[in-house]
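Engineer: The primary structure of each chain is shown beneath.
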Amino acid sequence: MELLAQTLVNGLVLGAGYAVVAVGLTLIFGIVGIANFAHGAYFAMGAYASYLLTSHGVNYFAALPISVLIVAAIGLVSEVVIIRPSLYGSSHHGSLIVTFALGQAAIAALILLLGPDPFPVPTPLGQRTIRVFGLFVTEHRAFVLACSVLVLAAFGAWLKFSVKGQQIIAVAQNPRGALYAGINVPWIRTLSFVLGVAAAGLAGALLAPISTVYPTMGSSALIVGFTVVILGGMGSIAGAMLGAILMGIANALFETYVSVSWTPALGWILVIVTLLVRPQGLLGRAELHRH
Amino acid sequence: MTSPGRDVTGARTSGRTFREVLYCVATVAAIALLGYSSSDAYVLTLAGYTCAFALFALSINVILGGIGEVPLGQCLFFGIGSYSAAIGMKHGLPFEVASLVAIVASLVAAAVIGAITLRLTGAYFSIVSWGLTGVAMVAATNLDQITGGPLGLFGFPPITIGPLQLSDPRIYFFASAVILLAAILVLVAVRRSPFGAAMESIRQNRHLARSLGVDVTGIRLKAFVLSAPFAAIAGCLCVPYSQIVTPEVFNVGNTVDGLLMVLLGGSQLIVGPIIGAVIFTLIPQVLDLDPNVRILVFSAIIILIMVFAPGGLYQLANAVYGRWGKESGAESSR
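Heads up: the protein sequence lines correspond to chains P and H, in order.
Just so we're aligned: the first sequence equals residues 1 to 291 in the numbering used here.
Just so we're aligned: the second sequence equals residues 292 to 625 in the numbering used here.
Derived by calculation from the structure, the hints in this document are not laboratory data.
Treat the hints with caution; some may be incorrect.
[Unchecked claim] Pairwise CB distance ranges, derived in the manner of DEER restraints:
1) P:V81 to H:T508: 34 to 42 Å
2) P:V81 to H:D331: 39 to 47 Å
3) H:Q576 to P:T212: 47 to 55 Å
We put the beta carbon where it would ideally sit given N, CA and C, even for glycine.
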């Protein structure tokens, strides 16, 4: 019983990290309308930013928001310079290929600039475990959980209660209607993209002390992000959070009770099953044509 | 439906057969020239490998330029081809028979996978097909009794096709080039058939095609199944080159390389992927780039292509050709 509870807790902590990445991804998909295959690269950029800052003496807690801002700035530039022109170009599968290429280019650039070796990121929280209701959680992971929950809650509140947030929801529901209502749709799209990749960067910076910082750390984040988003429903933020928790718990349970070496396939199998059985995911809107 | 002097796609056919026989003869001559003029084993083997990978790029283009989906999972069939050839040879089958097994396996896999996943379109289809390669890679790593696990399968007896020894670089190149040429001819014939026209209509507008009575679901499935054996043969042909088959054949990066070849040359031209494959293989040889610089450069090229010329070099060539005052657009070179 205790193993089960501990597994569930591990899954929850995993899920929290996934949730931040996934929410960013689903935001971009729902509003900008593209499957952002570069999402993992922004995750890695956030981690690298936190490494660079902490290795120059910046306190980790201060490095976190600065890393997020750095990734947001890079996201802004890439959206305006690359994504926007390719989106409104003639090829309808362009966004997939362009974002994939962007991600690859970013990772290659990271390797060229900083080398392929992993870097550690120190966290003031150390590796001490704390006991919560008789279960063990390392301090930093508890911090990741708490931080993720806080950020997501704050984001949800901002979406609901601020003008810009409401505009974003409007564009997600009906871009043309939003345009007619006077909302600056292109800039809302840019804002959503920036917020989405900033979320990925935050997740990267949060998870950096746990996984160390290496160039391809983003690819598993990307894959997990997509599996969670599809599970929860593309374009649904609540769905992304729900999907993340389910994914985290499923992964932890599978790893503990079934097999470690087959666990990487679990996510993909869930995606395939979801897309075939309930393509809109758990909380997404049912559409007639998945396109 | 077809008017005299035009084929199913509306392109003019007068004098075309003569022109194309000429192209074929010229190509065969070029292959022979390249094969016999060079005695550098490295160049010949690389040329052979380029032909094999170009075949893979062709299979990708059946889906991308044919029905308009991005088949991130095409390396699944490539991997099935490689592993079937390798496992077959490990069990004593000659290479030709193992390759036939590979073709059949890929056809079956494509039929099953296509039936299930082709109801999805766009990013969803791409992600699912990517996911399948992920599952395949994990399976290949774990089922080590069959696949040799992460280390893979290696140590094959000398690979032959009939009397031809593929360990001879020149013969390897000729074999790959001839197979590639045969594939091109098959695909050109397909493109010009009513089936090819139906595929093109689906690529342009799926819903409109359906409203006109085109069997969209069936055609998509047939196109998918058509593309698989080309990828499988490419996978088989890469075994003599690399002499080892590991789970890495299922890496989505292989499909991305193939996609880049297609985009470089232009997805609307049957030989576009070939042109892309040649450029893709030549540039690193000529420039001797650090692998990461190569990725950076190629990714930048992809982005530039998708933003400015999604039709690749073919589109650029047409644009330049058009500016010189000659006919453009109406005369299709398909």
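Engineer: Each hint: holds or not?
Structural biologist: Hint check:
1. P:V81 to H:T508: 34 to 42 Å: Taking Cβ atoms as reference, V81 (chain P) and T508 (chain H) lie about 39 Å apart, which means the hint holds.
2. P:V81 to H:D331: 39 to 47 Å: This hint holds: roughly 43 Å between Cβ atoms.
3. H:Q576 to P:T212: 47 to 55 Å: 35 Å, violated
Violated hint for the displayed structure: number 3, the only one.
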